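Q: With the hints as constraints, model all of the structure from the sequences given.
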Amino acid sequence: MLKEKKKVSRFELLMDAGFGAQKAGDILISAFAATGKFVYIEPMIPAEISPPPRTAAALSGVIIRVADFDITNIGNDADVIVASHEIVLNRRLDDEETNPNCRVLLDMGDKPGNEETYEKVCRRVTDLGLSIIPFETDAESKALIQSMQGAGKNMYYIGMLAAIYNTPAEAVEEKIKKTFGKKLKEDILAKNVKIFDNGYNFAKQGVFFSYEIESRPREGEKILIDGNTSLSMGIIDAGIKLFSGYPITPASSIMHTLARSFPAYGGVVHQAEDEIAAIGTAIGAYFGGVPSVTCTSGPGLSLKQEFIGFASAAEIPIIVIDAQRSGPSTGMPTKTEQSDLLAAMFGSHGDNTKIVLSVANVIDCFYAPQMARYLAEKLRLPVFIMTDFLTANSYKIIDRPKANEITNIDDIPDFVFERFHLKRLPASIEMVRLIQSIPGTPGALRRVTGLNTDREGKVNYFSKQNHLGHQIRNQKVNLVRQALVKPEMFGKEEGELLIVGWGSARGTIEEAINLCQADGLPVAGLHLKIVNPLPPMLKDIFSKYKRVMTVEVAYGDNIKFSPLAYILRAETLTDVRSLISLASGRPIRPKSIYAMAKAALSKKEGVSLVASS
Amino acid sequence: MNTQLQDKSAEQPLTMKDLQTENPRWCLGCGDFGIIAAVKRFLVDTQLIAYKTVNVSGIGCSGRAPNYINTYGVHSIHGRPITIATGLALARPDLNLFVHSGDGDALSIGGNHLIHGINKNFKCVFLLYDNELYALTKNQTSPTTRKGHKTMTQPVGTYLDPINPVRTALGLGASFVASTTDWMPDHLASTLKAAFEHPGFAFVHISQRCPHFDAENFDHKTSSWFTFLKHANGIAPDKRLAEKTEIIEHDPSNIEAAFKYANAERRYYGLFFQDKSKARYDDILHNLIKDTPQKPRSKILDQYMLE
Ligand SMILES: Cc1ncc(C[n+]2csc(CCOP(=O)(O)OP(=O)(O)O)c2C)c(N)n1
Ligand code: SF4
Ligand SMILES: [Mg+2]
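Chain order of the listed sequences is S and D.
Position 124, counted from 1, in the first sequence is what the working numbering calls 124; the numbers after and before it change by one each time, with no gaps.
Here the working numbering = 1-based position in the second sequence + 613.
Everything labelled a hint here was simulated from the structure, so no lab data went into it.
No experiment lies behind these values; they were computed from the predicted model shown.
Cβ atoms here follow ideal geometry from the backbone N, Cα and C, with glycine treated the same way.
Heads up, some of the hints might be wrong.
Unchecked claim - If you only want the chain D side, here are some residues facing chain S, beta carbon under 8 Å, derived: (1) Leu661; (2) Tyr664; (3) Lys665; (4) Asn683; (5) Thr696; (6) Ile697; (7) Ala698; (8) Leu708; (9) Lys736; (10) Phe826; (11) Asp896; (12) Ile897; (13) Ile902; (14) Ile913.
A: Okay, structure coming up:
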């Protein structure tokens, strides 16, 4: 095996659903992490449970990025692909996420009887200029896999990948034992380890290349966690005591995690009959003075809208987590998108006010529930936490966040506010209703209604009173606007082009700006966490650049502005357009931003560039 | 000054006057007056603490009820009061919970929640204000409108047979099913008492007059058109009307007989069914916490540590 040193590399494992690609990926990255590498893993999950094997729909896999430095996103393209057969490989090639020198290791085990498609796909690989490395599992592994009804193939593949990435076999074996030790019978476990070893030894001898990524001694305590687990733990740490939801991808795993953990922290998980009931129950709990949260994705967000307006009118705090997926309608349940921004901001009828914050990464996920609780309780308004499929499911190694063990919102430390670029709000904030007590409090029997009321809470349809209610609610949002400090920026404070993104786009923007700067391009980046309201200094910041362009995983074209561009235009009267506004279901790549930025700089002003793929 | 502020401390006895808020905006003769009067009377008779009581409602003429009872209250959105009540029951088991819902609210837009409220059997008194039409939106057919009755949306006469609320509740496995009317204060009060004492979701169907849109419905002057169900474990017939109509013995633990009366052409008022042993969702979730060893939050991320 030749050894090539690399600082960072990305590879993927492609299999049929149901054969343990994700589990194998988890094992591999824990071993990488244990040997001092930084990792980022994005699973590829089909929307169906068991799509027929050897079909494009069956593609299930993992994309893993490994580096000798802390990585913030899934990165660019693949250096290595291991595919269990030609169909999943062919499907994945459609996404065009391979490096020019990508090496494709294709399992030829399925070739007999499928010669034609195998040849076609192999030709496609070589036509793309990539190298194809056919291989087959050895006879012993084949027999072992057969004895386990096809299971265990994933072990062979990670054996190969462990060897290709120069990871000691023992490190992976240990993780295999840790993962399966309790669940599998001893002989089955031994078979899995044996298959892994065979894959490992095969690659050591049979694969001519390998990558060496330097190990870094780990400083401080690190955890390996995905976005939804981090959010779940963050919900507990924030002192929230009731979770109410209805199953929907990619939000469900929060409910799964809390269903297991919450009771030990005095929390209730309520599986509601639908998303309307889920938010109603969360609102009921919060009216009762108990911090609560509801969690959903696109279709569920649509169902919750009436109650969101109600909470805003009735001045009941509520936290809504929206794990965005590709829409409209059921869309692509297991693909990422950032297209719920406007539905979150403007959803629900009438002028209704709310705060929308987003998470950039798994650390934000942990602290966002605290920030949301603070805002919801201070303002008595709905507060959104916007995450997405990508953040929800991607694992990353992070410094172990400090648990704040919040009981009361006054316990929330400054660093959480700083993380969301917000100052504390004034101690007392004007509400529409003078009484805001919780049941059980004598002397102030509070009754709420979605009807307009006077200051005492009595139903009232007088025009002045109604307008006043709107003013007070909108002033609450304005207070947040005034408390927003300058958002995070990358690169120079002035230049030709400013690239703006929100939520999960942060890591990609940061990396893209580094690429641009290395190349001397006058490009800077800006990332927003709180997106409604927007910080007041945006217009000033924008004025320092000739052009301001967004990058979003949401649809936009030359006529229709993408969601973020739309609100930035409205807010700043700047001619913001999208540099990338793709509804591809795939994360934006740093190098696409770099390439598009370069192209934009060479074109006339005002020309909107929309990446075609 | 604001009446909401004028609740008394627990030591002083609660009076009808304490429960007053503003003049209800209902039509003269509306059955809703009778229902909230009975609720107030019940609160006074049992001396429930007003600040530990929450009335929750949906939307409709009936939905306004919480605004007119001086306790805590949530006048929520159309069809969804059960969802709010679920949150209160889970978060605040110390509170007295009353849910007020119209026939449209409970059986049409909120039908799904009714199914699950009944099934979850969390502790609350559920009052179905059944005027057999949509009143607040001005006289449309509701799920309980009698067949042939003319409304704004089915002007040639309501097309279908109505949904039978009592049978529906029984069919869904309700642990407490009673029926009463707005114009029998004594029976209504006894029903509320039985419902409140029930350990679970107490489904109380109330025939409610809407003189504005359907004056002919519910002949409250005569009583020969209905029968009282009576039993030692049931609800006593209305004192004023008991002599004037049929009374039959019905053991509320007998589900078959309950269905028989629910299915009949004739109306029956009283306790159809009660099962105090049905599992309660709120109890189950609270016990889950009680039975789980509690952990300190400081160690919450330990399980994800890289060793
Ligand atoms: C989502 C929604 N749809 C429609 C309405 C309009 N609406 C208000 S009350 C009502 C019907 C009320 O009927 P019912 O529940 O029987 O109550 P009643 O007025 O008869 O007491 C409707 C349809 C609404 N408020 N919200
Ligand atoms: S319309 Fe009917 S239900 Fe509504 S207040 Fe008038 S009488 Fe009562
Ligand atoms: Mg009605």
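Q: Decide, hint by hint, whether the structure agrees.
A: Taking the hints in turn, this is what the structure says about them:
1. Using the Cβ-Cβ criterion of 8 Å, the hint placing leucine 661 of chain D at the interface with chain S is not satisfied: the shortest such distance is roughly 13 Å.
2. For tyrosine 664 of chain D, the suggested interface contact is upheld, since its CB lies about 5 Å from the closest CB of chain S, less than 8 Å.
3. Annotation: interface hint on lysine 665 of chain D holds; nearest CB of chain S at approximately 6 Å, less than 8 Å.
4. Interface restraint check for asparagine 683 of chain D: the shortest CB-CB distance to chain S comes to about 6 Å, inside 8 Å, so the restraint holds.
5. Interface hint status for threonine 696 of chain D: upheld, as the beta-carbon distance to the closest one in chain S is roughly 3 Å, under 8 Å.
6. For isoleucine 697 of chain D, the suggested interface contact is upheld, since its CB lies about 4 Å from the closest CB of chain S, less than 8 Å.
7. This hint holds: alanine 698 of chain D has a C-beta 6 Å from the nearest C-beta of chain S, less than the 8 Å allowed.
8. Satisfaction of the interface hint for leucine 708 of chain D is found here, the shortest Cβ-Cβ separation to chain S being roughly 5 Å, below the 8 Å cut-off.
9. Violation of the interface hint for lysine 736 of chain D is found here, the shortest Cβ-Cβ separation to chain S being roughly 14 Å, above the 8 Å cut-off.
10. At a threshold of 8 Å, the smallest CB-CB gap from phenylalanine 826 of chain D to chain S is about 21 Å, leaving the interface hint violated.
11. Nearest Cβ of chain S to the Cβ of aspartate 896 of chain D: about 12 Å, over the 8 Å cut. The hint is violated.
12. The interface hint given for isoleucine 897 of chain D is broken, as the beta carbon of that residue sits about 10 Å from the closest beta carbon of chain S, more than 8 Å.
13. Nearest Cβ of chain S to the Cβ of isoleucine 902 of chain D: about 5 Å, under the 8 Å cut. The hint holds.
14. Taking 8 Å as the C-beta contact cut-off toward chain S, the hint placing isoleucine 913 of chain D at the interface holds, the least distance being around 5 Å.
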